[in-house]
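Chemist: As a plain string of letters, each chain reads:
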Amino acid sequence: MKNVLLPRSLADLWRDLENEPAATVYAGGTDLLVKMRGGAVNPSALICLERIEELQWVEEEGDFIRIGSCATHAQLLESSLVRQHLPILARALEVLGSPPIRNMGTIGGNLCTASPAGDTLPPLYALEAEVELCRQDGVRRMAVKDFLVGPGQTRLGPGEVLTAVWAPKADGYHLQHYEKVGQRNALACSIASLAALVCLSSAGLVEKVRLAWGSVGPTIVTCPAAEKALVGERLTLKTLQQAAALVRQTVSPISDVRADAAYRRALAGNLLLRLLAASR
Amino acid sequence: MLSFVLNGKDLKIDTPPDRRVVDLLREDLGLTGTKEGCGAGECGACTILVDGESRLACLMLSAQLEGRRVTTIEGLAQKTGDGLHPVQEAFVECGAVQCGFCSPGMVLSAVHLVHRNPDPTRADIRAGMSGNLCRCTGYVKIVDAVEAAARKMRHKSVTAAAEDAAP
Numbered sequence: 004m005k006n007v008l009l010p011r012s013l014a015d016l017w018r019d020l021e022n023e024p025a026a027t028v029y030a031g032g033t034d035l036l037v038k039m040r041g042g043a044v045n046p047s048a049l050i051c052l053e054r055i056e057e058l059q060w061v062e063e064e065g066d067f068i069r070i071g072s073c074a075t076h077a078q079l080l081e082s083s084l085v086r087q088h089l090p091i092l093a094r095a096l097e098v099l100g101s102p103p104i105r106n107m108g109t110i111g112g113n114l115c116t117a118s119p120a121g122d123t124l125p126p127l128y129a130l131e132a133e134v135e136l137c138r139q140d141g142v143r144r145m146a147v148k149d150f151l152v153g154p155g156q157t158r159l160g161p162g163e164v165l166t167a168v169w170a171p172k173a174d175g176y177h178l179q180h181y182e183k184v185g186q187r188n189a190l191a192c193s194i195a196s197l198a199a200l201v202c203l204s205s206a207g208l209v210e211k212v213r214l215a216w217g218s219v220g221p222t223i224v225t226c227p228a229a230e231k232a233l234v235g236e237r238l239t240l241k242t243l244q245q246a247a248a249l250v251r252q253t254v255s256p257i258s259d260v261r262a263d264a265a266y267r268r269a270l271a272g273n274l275l276l277r278l279l280a281a282s283r
Numbered sequence: 002m003l004s005f006v007l008n009g010k011d012l013k014i015d016t017p018p019d020r021r022v023v024d025l026l027r028e029d030l031g032l033t034g035t036k037e038g039c040g041a042g043e044c045g046a047c048t049i050l051v052d053g054e055s056r057l058a059c060l061m062l063s064a065q066l067e068g069r070r071v072t073t074i075e076g077l078a079q080k081t082g083d084g085l086h087p088v089q090e091a092f093v094e095c096g097a098v099q100c101g102f103c104s105p106g107m108v109l110s111a112v113h114l115v116h117r118n119p120d121p122t123r124a125d126i127r128a129g130m131s132g133n134l135c136r137c138t139g140y141v142k143i144v145d146a147v148e149a150a151a152r153k154m155r156h157k158s159v160t161a162a163a164e165d166a167a168p
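Line order of the protein sequences matches chains D and P. All the letters of the first sequence, read from the start, carry residue numbers 4 to 283 under this note's numbering. All the letters of the second sequence, read from the start, carry residue numbers 2 to 168 under this note's numbering.
There may be inaccurate statements among the hints.
[As the list claims (entries may be wrong)] Below are the DMTMM-like pairs computed for lysine to aspartate or glutamate, each with C-alpha atoms no more than 20 Å apart in a straight line:
no., chain 1, residue 1, chain 2, residue 2
1, P, 142, P, 120
2, D, 5, P, 29
3, D, 5, P, 19
4, D, 38, P, 37
5, P, 153, P, 164
6, D, 38, P, 164
7, D, 38, P, 29
These are calculated hints, taken from the structure and not from any lab test.
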């Protein structure tokens, strides 16, 4: 039998971590409990963060939206701050898991699980968001792209807990797009996904673009060459096809039960062509 | 000692804190209406309501129920006091049940959905029920039933409001 602790404040959490330093910390449990049941992990004790109210707040902080790590996906979809300032994140949350999974899973959990298929990760990359990591004696901030090291691997240190995501408001981007391709429309783990933020000039030329792909590399993949190729251009089939060719050279997908590497490589490029329809 | 409200009644039970909620309900409390399909959050057969929200009993540990209000399929009818819940009535009337394994989870997901969106379109229903798999029906009659249930519940709330307003 494992002890399961439910701290109600950060002060409680630090005390619990002192008493159970080997405990595994979790929030929604939608990934951890699957791994525990499969025998992939067997923690000696568990600390569940779901009762810590201060980790669920969504607040406006200057040019950022600060999202508490234990806000559930459903809570974020209902947040007017997320809807207004981070539509790209809302698009990804709408297709994440299923309604009950969205009532349980959290943004902090999605980040700490660090699956290359995690649906919130490509938008957070494209937004250049940061994570806030806390330990009893201090706090640090780090770019999401530095936090995620590989499949299931992050820079979370011992005794450290992800407490918030700082996402810059995306108000300047006209086009905020997220699409994932899975084997079905609901409850799908992505075969490949693309988050795209595009700022267009009044003449319809690309001024700024941020692109991030999920499930086509050990972590989220970006392609500065494709972004560079699009700046100053119109979003036409020709310019997007040229950029898509660069994307297919950049991604490093694997073959697994969902799709093979060649399919994923083709798909990563094709997802970019959807910007043509999304921009109309 | 774990303490929570189960189907409207206070319950205190001595149970390991890391026992899965689906095992607590089925094995220890004999409430076998909550089904275990995949055990990994992909089928929705173990859907229950916790503080009115749909959650998966296979992905929760019993300690997480402390102080919560839990509704399983067994408690849904008694909540309304007079026979079946409107969603259950609609499932019967529309023939939305074949083997029945997914039905408890389907019904509870439908309750969650109609509670949040009293007038859902068929597309809203398909999206709202997308966490529950059915291998028999092809879903058409399930969508019919949720649509009919929403209509029943809107009618009920209009009637209740009219009765309240009557002198």
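Chemist: Next, verify each hint and record whether it holds.
Modeler: Going through the hints against the structure:
Note on residue 142 of chain P and residue 120 of chain P: the hinted pairing holds, with a Cα-Cα distance of about 18 Å set against a maximum of 20 Å. Distance hint between residue 5 of chain D and residue 29 of chain P is fulfilled; the C-alpha atoms sit about 18 Å from each other, no more than 20 Å. Straight-line distance between C-alpha atoms of residue 5 of chain D and residue 19 of chain P comes to about 6 Å, which keeps the hinted pair within the 20 Å bound. Simply put, residue 38 of chain D and residue 37 of chain P have alpha-carbon atoms about 17 Å apart, close enough for the 20 Å limit, and the pair holds.
With a C-alpha separation of about 16 Å, the suggested pair residue 153 of chain P and residue 164 of chain P falls inside the 20 Å cut-off, and the hint holds. A threshold of 20 Å between alpha carbons decides the hint, and for residue 38 of chain D with residue 164 of chain P the separation of about 53 Å lies outside it, so the pair is violated. Simply put, residue 38 of chain D and residue 29 of chain P have alpha-carbon atoms about 24 Å apart, too far for the 20 Å limit, and the pair is violated.
The structure shown violates the earlier hints numbered 6 and 7.
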